[in-house]
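Numbering (this note's numbering), first residue to last: 34 to 650.
Some hints could be false.
Said to hold, decoys possible - Computed list of lysine-lysine pairs in DSSO-like fashion (alpha-carbon distance at most 27 Å, straight line):
(1) Lys258 with Lys281
(2) Lys627 with Lys405
(3) Lys174 with Lys258
(4) Lys389 with Lys405
(5) Lys264 with Lys333
(6) Lys320 with Lys100
(7) Lys174 with Lys274
(8) Lys627 with Lys550
Keep in mind the hints are simulated off the structure, nothing from the lab. For clarity, every value in this text was computed on a predicted model and none was experimentally measured.
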Amino acid sequence: MTLRSTLDFLLYDWIDARSLTARTRFADHSRETFDAVLDTCERIAREKYAPFNRTVDIEEPHFDGEKVILPQATYEARKAYAESGLLSAAQDYEVGGMQLPYAVEAAANSFFAVASISIGSNLLTSGNANLLMVHGTEAQKQVFALNEFNGRWSGTMCLSEPQAGSSLSDVATRAVPDGDGFEADPLGARYRLTGNKMWISSGDHELTENIVHLVLAKIPGPDGKLVPGTKGISLFIVPKKLVDTEGKLTGVRNDVALAGLNHKLGWRGTTNTLLNFGEGKFPVEGKAGAVGYLVGQPGKGLHCMFHMMNEARIGIGMAATMLGLAGYYASLDYAKNRPQGRPVQGPKDGAAAVVKDAAQPQVRIIEHADVKRMLLAQKSYGEGALALNLFCAKLVDEQHTGDAATADEARLLLEVLTPIAKSWPSEFCLEANSLAIQIHGGYGYTRDFPVEQYWRDNRLNMIHEGTHGIQAMDLLGRKVLMEGGRGLQLLAGRINATIERAIQVPALAAHANALGKALQDVGAATKAAWATGQPADALANAVPYMQAFGHMVLAWVWLDVALATLARDADLAQPASVGRMGGMRFFFHYELPKIGAWLQVVSTRDATCAAFPEEAF
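Using the sequences and the hints, build the whole thing.
Shown next as structure tokens:
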């Protein structure tokens, strides 16, 4: 099935996006307006993104000593995206937004991700501006956020440092007050920042007239020393070029210098940079130090930044999903058209049990059972992950527009599901890309076909926005325990509701029982992991726990999708319905049984890895 038909089913027949139009915020919308947005994005992606996916992979960004050079296609794609209004799609009408549900926005953005994930920096720009709309001052919203939404400027998030990586406690970038009266600057308390930031996506380019960096830094204490840990981290707006209170460029370059471009395995069309803040290459008012404006309260930078990071994590999950689906669509097309091999026949005249008649014409490889296995695996991973991400996107809408009880439930469900929504697609849609290469055979790892690029692009997503291990520790170490485990209980309630419906359907009863056992096993493993009360014991096997937890969640999603499929097409008269039911059965038969091995090491608090001596490696 096409991406559009899959999106239509999930949006309208499964999560019922039309029901959101009953909310005051979305009352002006209808399926017709939602479809118009999807139509526009599908067209732009087809015309401006897809034809240039290989171009931006081959023509990597390079620095000519003054500016970063990108292919012309990147400029045109970015311009078309900005003009579509998607950068501010979820914002209020008053600031030029569409007041579009996040679920529809996520679906619309999926077209760009499947066409070419590495063109543009739109995810970070929207997230940056959304953060400022929540935590910034009125002046910061007007000057910085709105100019990102309208496409004039782009945005980044600057967290990691060369010596710190994911360990934000070790951030060493300093921010000191910029002279007397620093608090009175109309754009926010004005500081001077010095330090280095690493792995900054879209950190330098000429796509927009300005770049708005959101930078984590520490304000020294009275003794001049930085506060240890994360509590001393503050957040600052550091524009590449300084601006006035009306958002006009002043002509002064801020002291932010490109130190180098990182040459990545994938996502090559997007610059990835090392930035030096305050080294004196571009002195402001005769002195070194990048000018930055405080966002929120001193020492509360992570609280603000996590608003952007959680949104970005769902976005990375969607990116991984779409790359998995891109590989699926490519390998499906290849399998339908590539003749190779002949059907297996029974024994003849005392010959071996397996024989093939070489005189018979070759068959297309999609007729081989093992190729169907690999295609079904990709379908179950990709379409299941897409359903999960759209479900989480609708939870964002529920959190923002539902009544108090609904919003609180959505908040807690998102706390538990966000690590899964980010990490499960990053692992298993990457496996889908590997299977897409396998289906292509030797051609799969050549540049004659796109599947090797999809794999390279997707390999980054297990690291983007928090590594696999970090997400796993977040899930088992915090999310399933928070508020007395209420988020986990809410999720279990949703899963049990699906089981109760499915067990009444003969075709789904066995799957419902299997899901019920998986839910019990995950619950028991959660308790067993924490039986000693020692984090080191529980978290030693956090990744296997997250893999099992994710498979349980995806089994639930597939069972619920199957119920929606039968409600729409009870006789399975449509090929799409047969496909969804087959994807569900594959996941239950081939994937869900894997959780036993993962949960075994979790439940026994297996110390094989944690206790292994370094010298024995």
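Check whether the Cα positions of Lys627 and Lys405 lie no farther apart than 27 Å.
holds (20 Å)
Next pair to validate is Lys174 with Lys258; report whether the Cα-Cα distance is within 27 Å.
violated (32 Å)
Would the hint linking Lys389 and Lys405 be met if the CA-CA limit is 27 Å?
holds (19 Å)
Hinted pair Lys264 and Lys333, Cα distance within 27 Å:
Holds: Lys264 and Lys333 sit about 7 Å apart, inside 27 Å.
Mind checking the alpha carbons of Lys174 and Lys274 for me, to see if they're no more than 27 Å apart?
Distance of about 17 Å is within 27 Å: holds.
Holds or violated: Lys258 with Lys281, Cα cutoff 27 Å?
violated (36 Å)
Restraint status (C-alpha distance of Lys627 to Lys550 at most 27 Å):
holds (13 Å)
Below or equal to 27 Å on CA atoms is what counts here, so check Lys320 against Lys100.
The hint holds at about 23 Å.
The earlier numbered hints that this structure contradicts are 1, 3.
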